[in-house]
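2 protein chains.
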Amino acid sequence: MIPPGARLADLAEAAGVSTATVSRVLNGKPGVAEATRLAVLSAVESLGFQLEDHRGADDGFIAVMVPEIGNPGFASFATELSLQLSAAGRHMILCTAGPGATTEVAYLDALLGVEIAGIISVSGTLADRLASHDHYERIAAAGVPAVFINAHDPKIDGAFFSTSDAEAIAMSVAHLRQFGHERIGLAIGQQRYQPARRKMDAFLGLGFTREAIVSTIFSVEGGQAAAAKLLDSGHTAIICGSDLMALGAIREVHARGLDVPGDVSVVGYDDSPVMAFTAPGLTTVRQPVAALCQSAVGALMSAIRGLPTDSTEMLFHPDLIIRQSTGPHHGS
Amino acid sequence: MIPPGARLADLAEAAGVSTATVSRVLNGKPGVAEATRLAVLSAVESLGFQLEDHRGADDGFIAVMVPEIGNPGFASFATELSLQLSAAGRHMILCTAGPGATTEVAYLDALLGVEIAGIISVSGTLADRLASHDHYERIAAAGVPAVFINAHDPKIDGAFFSTSDAEAIAMSVAHLRQFGHERIGLAIGQQRYQPARRKMDAFLGLGFTREAIVSTIFSVEGGQAAAAKLLDSGHTAIICGSDLMALGAIREVHARGLDVPGDVSVVGYDDSPVMAFTAPGLTTVRQPVAALCQSAVGALMSAIRGLPTDSTEMLFHPDLIIRQSTGPHHGS
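So the protein lines, in turn, are chains U and X. Everything in the first sequence is counted per our numbering, starting at 245 for the first residue and increasing by one. Everything in the second sequence is counted per our numbering, starting at 245 for the first residue and increasing by one.
Some hints here could point you the wrong way.
Copies of the same chain look alike in the list, so a pair counts if it fits in one copy or across any two.
Below are the SDA-like pairs computed for lysine to any residue, each with C-alpha atoms no more than 20 Å apart in a straight line [claimed, not checked]:
no.	residue 1	residue 2
1	Lys473	Ile400
2	Lys473	Arg530
3	Lys473	Phe560
4	Lys399	Ala250
5	Lys473	Leu291
6	Lys473	Thr280
7	Lys399	Gly424
8	Lys399	Asp476
9	Lys473	Gly260
10	Lys399	Leu291
11	Lys473	Ala279
12	Lys473	Ala332
13	Lys399	Ala386
14	Lys473	Val358
15	Lys399	Gly501
16	Lys473	Gly275
17	Lys473	Val261
18	Lys399	Pro572
Honestly, the hints are just simulated from the structure, not real lab data. Source: prediction; values computed, not measured.
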């Protein structure tokens, strides 16, 4: 629907498209490229019009917790959640907890003083087995529904949606074994985080030993340090717990004058936006971000309407995106 | 200072470092690697301790507005602002406006109902000359101080800190001219945005014509489309308005069977986190994100304390980060 007071011609000029295209976008018709659709929506907003009137502050904000917004994996969740929540008529406020910044606990305490309608936490403290989970019990006691992505604690009242780490490891290992790799290592972040622990368990379950796992931190430097150890012990392929770790692993291989994938294959995790442009393009596991966010927002809206929540964790299947960082093992 | 109730040994074990290192970090002593410092801070938080007690919700949140959190350039600002605001004893809530999501205007209307102590807007609607700026007049009338990064409107009461687009263009052009390039093109996003317009003006001021400027949108696809036009008209070097546009430009050069930088040189803008890992590594302009954020937070804290704000725009100098996407022009 055309916003009240707006003229099709003005919108078309601001967006640099035809009036027919503007009309098609505003009426939700198919056959419009995503970039064009965004240009039209952006023009509507830039001219000061509201697309819909049902987004009121009365309904209360939805607080979304993410650990590090600088990590492109988490930024993808934040972007998708902002779109899905907006489509559900809600404002998202993003709370970026992290070392040195405001903690998740402090955010939650502060937000309880504000009218918050619900919480979505992505890989938050609930995924940290060393962290206290008491604050989520307080949230539940205060009657604020909470939904969790990539974190599960059966003692907490909420809905839980996660990418299957076991599947991610299984498909990465199968891909590398098809290329003839046997000495496969796992470079992972801190063991206290649930996704790291689950990937380790899955990896051990596939017949690998603890010697093939190096746990550092989820960063480029962490990946490089882990890869150094795995290369020293003769591994020819490295599965990493994040794309940033994989970039660090590739850097270590290159620093030794070796080639990826000629000498060593590397697999990432997340499929962050620009991984198709790295040297080499990164073979990586893509989380089903849109599907996870859609389920999380749907569950939260139901809980806000007072419907009961099922606290069974739902596991989503990831995809292996094959690019150029993996290849055949050349026996030595 | 060690948080009350915490034991050095527990923190050291959780962080995987020595007790001496934990002590050094908590007492703010130098000589500790950044990754180690973050590991210790992360351990303190994961064990449920608060590093400092002065962060109260009573002081009110600081709302930070960014247009797209999926764009790594904006994510860098969000990360840095969360650290700086936390150091200033404030909680940041991040409002990610964008096409199809909640608009900046809707956020501001909703936030006025909550206790907000101040606003920092990064490349927001104030940078959009087609957008209404009335909402920032309402914010000022409501007595909420606002600070702007990379956006300026002298009619609005606030403090303004921007990277110099003119300098960014001047250093990019000088670098390419040193390599012998004369047919230099500018691939830029929508002209209605202030940083785009300022780069265009600076480019024209250096003796280039309007034919050497192609305006599309700030995305990989926008960069590829702009590069196609600039290559068709015989340009040998392309300066892009964002790193994502530069990746699109490189993709277009590769799609034509040409080499970067052998045949065409490409310069980006932002120095997003993984640009050192792209193929080829991207020569790009780095905004002084930390300095901009430090000034913005300092100005906001002064304004919150009731000190008068100077609305003169402060321009910050960027750095040209030279990697492998630029090289000598081979005359044809």
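Discussion item. Checking an output row: Lys473 and Val261, CA cutoff 20 Å. Within, between, both or neither?
Written reply: Between. Shortest inter-copy distance 18 Å satisfies the 20 Å Cα cut-off; intra-copy 55 Å does not.
Worksheet item: How would you classify Lys399 and Ala386 at a CA-CA limit of 20 Å: within, between, both, or neither?
Response: Intra 16 Å, inter 44 Å, cutoff 20 Å: intra-copy only.
Worksheet item: Within a copy, between copies, both or neither: where do Lys473 and Gly275 come within 20 Å Cα-Cα?
Response: Answer is neither; intra-copy 51 Å and inter-copy 25 Å both fail.
Practice prompt. Up to 20 Å between alpha-carbons, please classify Lys399 paired with Gly501: within, between, both or neither.
Written response: neither (50 Å within a copy, 58 Å between copies)
Discussion item. If the cut is 20 Å between Cα atoms, do Lys473 and Ala332 qualify within a copy, between copies, both or neither?
Written reply: Cα proximity of Lys473 and Ala332: none, with 48 Å in one copy and 40 Å across.
Worksheet item: For Lys473 vs Ala279, is the C-alpha pair at or below 20 Å within one copy, between two copies, both, or neither?
Response: between (44 Å within a copy, 18 Å between copies)
Practice prompt. Go through the copies and call it for Lys473 and Gly260: within, between, both or neither, with a Cα cutoff of 20 Å.
Written response: For Lys473 and Gly260, only the inter-copy Cα distance (17 Å) is at most 20 Å; the intra-copy one is 54 Å.
Practice prompt. Can you give me the call for Lys473 and Thr280, within, between, both or neither, at a CA distance of at most 20 Å?
Written response: The answer is between: 19 Å across copies meets 20 Å, while 48 Å in one copy does not.
Worksheet item: Is it within, between, both, or neither for Lys473 and Leu291, if the alpha carbons may be no more than 20 Å apart?
Response: neither (56 Å within a copy, 29 Å between copies)
Worksheet item: Should Lys399 paired with Asp476 be assigned to within, between, both, or neither, using CA atoms and 20 Å as the limit?
Response: neither (42 Å within a copy, 62 Å between copies)
Fill in: 20 Å Cα threshold - placement of Gly424 relative to Lys399
neither (43 Å within a copy, 66 Å between copies)
Discussion item. If the cut is 20 Å between Cα atoms, do Lys473 and Ile400 qualify within a copy, between copies, both or neither?
Written reply: For Lys473 and Ile400, the Cα distance exceeds 20 Å both inside one copy (38 Å) and across copies (56 Å).
Checked against the numbered hints listed earlier, the structure breaks hints 1, 2, 3, 4, 5, 7, 8, 12, 14, 15, 16, 18; every other hint is satisfied.
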